[in-house]
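Just so you know, the sequence shown maps onto residues 1 to 134 in the UniProt record's numbering.
It is possible that part of the hints are untrue.
Stated by the list, open to error - BS3-like, lysine-lysine: derived pairs with alpha carbons at most 27 Å apart: (1) LYS49 to LYS21; (2) LYS21 to LYS9; (3) LYS9 to LYS111; (4) LYS60 to LYS9; (5) LYS49 to LYS9; (6) LYS111 to LYS21; (7) LYS60 to LYS21; (8) LYS49 to LYS60.
Source of the hints: derived by calculation from the structure; they are not laboratory data.
Computed from a predicted structure; not experimentally measured.
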Amino acid sequence: MSQIERLRKRRDFLAAARASKRAERGLVLQANERGDIAPPRVGFTVTRKVGSSVVRNRAKRRLRAAAAEILPLAAKDGYDYVLIGRQATLTRRWSDLLDDLRLALRTIHAKNGGGTRASSAAPKPASPKDDPHG
1 MSQIERLRKR RDFLAAARAS KRAERGLVLQ ANERGDIAPP RVGFTVTRKV GSSVVRNRAK
61 RRLRAAAAEI LPLAAKDGYD YVLIGRQATL TRRWSDLLDD LRLALRTIHA KNGGGTRASS
121 AAPKPASPKD DPHG
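Turn these sequences into a full structure, and let the hints steer you where they fit.
See the structure below:
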């Protein structure tokens, strides 16, 4: 899968809000199965509770980068995804944020009766250099 389309219309965000949700420490994922076989689409949002516009934009940039890395491997055709930033989105280690997204996708797809498209969607074991206690 090459470029994933972006969600831009409010009605698509609202439809995802009514569908499956999975909250992880670094993000919340909403996924709406559209019922077609079109490529997946993704949208991003961060509420004002997270911080000022500068802080919210930084959180959205992190979510966009995580989505660009994970969704081509794990997203399923016919789905709309909305990634919602949380306070922890800003401070979470990058590898942990990616694992949060992988886990949320795997959980939502399992709940909706199907696995992820690629087996590489499983979280990678943490390397010893990532372990702060090691």
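Checklist entry - Which numbered hints are broken by the structure, listed smallest first? => result No hint contradicted; all consistent.
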